[in-house]
Each structure stands twice: as structure tokens, then as C-alpha cells.
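Engineer: One letter stands for each residue in the lines below.
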Amino acid sequence: MNDDTPELPNTTRRRALMLGAVGAAAVVSIRPALASTAASISTCEIPVPDSGRAGSYIAADGTVVPAGTRGAFAPPGRPFKGEEVKTALAGGQLPGTNYEQSRAYTNYIRRLQSGTSGFTCFASLQMPRG
Amino acid sequence: MNDSRGDIVYRMARPETLKIVHLDSFTAVFHRASGITHLVTSPVPEILAALGEAGMTRADLMARLSVDYVLGDAEEGSLDARLEELVATGLVAVA
Amino acid sequence: MRHVFQVRIGPIGFRIGSDWRAPIAQLETLYAAYPKPEDGVPDFTVRLFAARPWRRVVRPAVMIGGDYILPEAAPLPLAQGLLAAEMGMNLQMALGQRHFLLLHAAVVERDGKALVLTGVSGAGKSTLAALLSLRGWRLMGDEFALLDPATGLLHAFPRLVSLKNASVATVAAEVPADRLGPMLEGTPKGTIRHLVPDAAALAAMDAPARPALILFPSFGYDSATRDVAQSEVFVRLTQASTNYVAMGERGFDALTALVQGVPARAIDYPDTDSAIALVEAAWAAR
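Chains as they are written, first to last, in my numbering: chain A, 1 to 130; chain B, 1 to 95; chain C, 1 to 286.
One thing to keep in mind: the hints can contain errors.
[What the hints assert, rightly or not] DMTMM-like mimics (lysine to aspartate or glutamate), calculated; alpha carbons at most 25 Å apart, straight line: (1) A:LYS86 to B:GLU85; (2) B:LYS19 to C:ASP268; (3) C:LYS164 to C:ASP268; (4) B:LYS19 to C:GLU232; (5) C:LYS189 to A:GLU84.
If you're looking for bench data, these hints aren't it; they were derived computationally from the structure.
Let the sequences and hints guide you as you build the complete structure.
Structural biologist: See the structure below:
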């Protein structure tokens, strides 16, 4: 940009800007690393939500809300295996769920904190081989 | 035609909630509230800059971008899709 | 825990407790030249234990425990107890490390500058690091690169180098036998043999280095070198980090600074001689 030139609107110095297609994405969110793991690691389980809050519902953004909250999803009824979660985090879908349920549950899993049951399993999905 | 969404004001999330680092054609954005890192590419940085903290409606944003840039594909749907993405990831707030 | 071993590797101290003597004896031999944890206080604990009292003796199987555990992880046979100890140390770092940003990478140093070799498992990082350490480079580690967010420096973490399958013979041909651990066959990752880092690597263990070049090696292709754009390096390194998300903003700052300040190349190679040549050429041209 040449500082000597006065700012003029609608000059030929405007550059092109593509707004992109409706289905395309301009925002990529970094997901936890999903390094390949040994078979034994993939058998670990993640309950949704953790047993201390069993029965609570999961909102679309993954937060835990009281049972029956409108717009939130009932818990899946069984914990998910590490292998299933790995697939879901890579863009697939959790078994036995529809698209919205799967998205809500995976958002819950992404928010897991150290100390909550399932966190270690989730964190193990990031562990490098060797 | 009256658009019920026409008066929604979109504004960039407050600056203290975002950390922005430019890397070649992509910009890395750390969203402090969620701890999530996003990689964004054109037209997102331009939209964020235009919206700023004051914010503007969709129509005003489209008008502003048309003035500042040569818009290659100025369909209403495209801008909607971008705004939806930005709201979903927390980079843009609605008033 | 009847048998205990303590060791310091770079800035990290470990305490390994075991129900069996054998893995501890192997650790004592292979890590003989390493120091003990600072002030005798370890950062992480690893436990090698039998799931049931009789499994200590009948078809002995080693469960990996410690400060951080994997629920329902399968045990290893006692013959692979050394591997269990190494995996246990990896696990503690992968899950518990919060001071340094961890990258799954091999690091070697020359003239105070560090070369980072990163990429998916099987790309040849450990093998290349071992071979480079025999050609004038100081080994800083073959598993984890420790990046200090405050300084941008890499800290050495020179564990036993994990050689797998074909690379065992390649490297064994160039080192004396007393630097090699036992041959472990039938492990979940195939055949593994550990290499003890050389005296120079251990002597310089506490000397950090400024990262100067990041390489993404790929084995099994015709020789080629390509630049890698900063944004691509950034994304690939978040995938190669076990604690990027947990580190929060410090991780973001450390990684963006690294990516902006250090050039990156992808190198494809068909064999190790070509790899060494490409590495040296990329280093000279950085």
C-alpha cells in the first residue's frame, strides 16, 4: 500500500473478494489430534454424560442440561467405544444416532475435562504410537 | 420484500475474546472463551474487519464489502453461509 | 511395588515401579548413564503391575499404570516389560505434560540449532534421528519434541530410541552391541529394539536449542523436496501434538510463533542414504 497516494473510494486498487459457495467452509476448527492407536486403546469407553450426571440431557453445543430440556437430546443409553468416538471426531457419526444427536454428543466429548470419566479415554485418542 | 432477519446486527466477538495471528493465506484465531483454535480464510478476516465491534446488519455488511472489494460472487446466500459459520463458532455475536 | 527404578531424562523425572524384577533390571542397564530425578522427586510415576496376583507368575502379563492411565488397555507379556515401561513413560507425557508443548517428532541438533523431523508413525523419524546422530548430529529425542512456550526453545528428551522392524538391522549395523536393548518380537508394533543414545547426547541433555528447520519426511517415494505453507505446518503440528488443546492459549502462542519463525519442507525419500542427503541439503539451504 503506497502511503503517498490519497485514499480514493472505488478506485481500481480494490482487490477481488470471493464470498465462497453456500456449502463451502471458510472456518476450520482444530480438533484434537487423532493419531493412530493400538487396538487395546480403542476399546476404552466414554460415557455420555459421565455417571455422576447420568440421565441429564445433552444440548446441541455439548453442555449438560437438566433432563427434558427443550431442544436438548436424551443421553444415548450406552457409553461409546474409543474407536467409535475416533470415527465421529473425524467427521463420521456415532452409531445409533442421527446427525444432530451425534453432533451434540461429540461436542460433549470435546468438552471433557480432566477428572470427568471418559476424559482419559478421549485424551488417549490423541496419544502418538510408539 | 421485508426480511425478518434484516435488522439483526452482527458484530465481531469482543477483541479480548480472540487472539488473531496471520499465517499466509490462512489466519489462526484462538477463541479464548471456548479454548478452540480456528483457521479462517478469506473472506472471513475481511468480514470480521468490516463488522468490527460496532457491528452491522447483513445488508449493510454486503454494501460495505461491495464498496471495499470487487465481489466475485455476490449472492445473498454466500454471505449468509459465512455469517452462519462465524456465529456457530463464536467468532461473531448477534445482537 | 517391589522393584523400583528412577531416572531423569532432560527436564522430566520418572519413577517406575514394577511387580517384576526383569524390566527394572533392563532399565537399569540401558539407562545406566542417565542422572536421577532432581532432588529425588519424580514428575511422573509409571507402574508395571499384574492385574491379578496369580498373573504375576502364571502367563505373566504386564498392565501399564501410573499417574495417568488408559482404562481397559490390554497388557503386554512379561518378555516385553521393557516396552511396557517405555509406553508407560510415553503415556504420562502424552496425558500429563502441561509445561511444554509436545510435538510427536524426532529432534537433532547441530551448532545450537535444532532440526525437527515430524510426521505420521512409519515415516522414519526414529530411524533418521538415529542415523543422523551417527553422522555428527546431537540426538535430542526421537519421540517427543518439548517446546517451551516462554522461550520458543526445544528441550532435549533423549529416551531410548525405538527402532522398528527393518530399521533395527539398518541401525544395528552401525552401533556397538552394548548400545542395543533386547530384541522384542511379536509386539503390537512388530519387532522392536531400543538404542541407547550416545554419550554426547547424554552429556548435552540439559542444553536446549533454537528450532531452525522443520522437516516432514515420507519414506517410500522418489527423492523430492517441497516447501510447506505456514498454515499447513500449523495444522499438521496440531495433529502431531498430544497436548495442544490442553495447553490452551500458551499452546496457540507457542505454535504460531514456531510456525512463523521456522521454515518447513516436506522431503520424500526411497532409502536412508537419500534421506540423509536430502536432510543435509535442506539444512544447508534453510
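Engineer: Each of the hints needs a verdict: does it hold here or not?
Structural biologist: Here's how the hints hold up against the structure:
1. For the suggested pair LYS86 of chain A and GLU85 of chain B, the alpha carbons sit about 24 Å apart, so the restraint of at most 25 Å is met.
2. This hinted pair does not check out: LYS19 of chain B and ASP268 of chain C have alpha carbons roughly 35 Å apart, beyond 25 Å.
3. Restraint check for LYS164 of chain C and ASP268 of chain C: satisfied, since their Cα atoms lie roughly 20 Å apart, inside the 25 Å limit.
4. Of the pairs offered as hints, the one joining LYS19 of chain B and GLU232 of chain C holds, with about 19 Å between alpha carbons and a cut-off of 25 Å not exceeded.
5. Of the supplied pair hints, the one linking LYS189 of chain C and GLU84 of chain A holds, its CA atoms being roughly 22 Å apart against a limit of 25 Å.
Violated hints amount to a single one, hint 2; each of the other numbered hints is respected by the structure.
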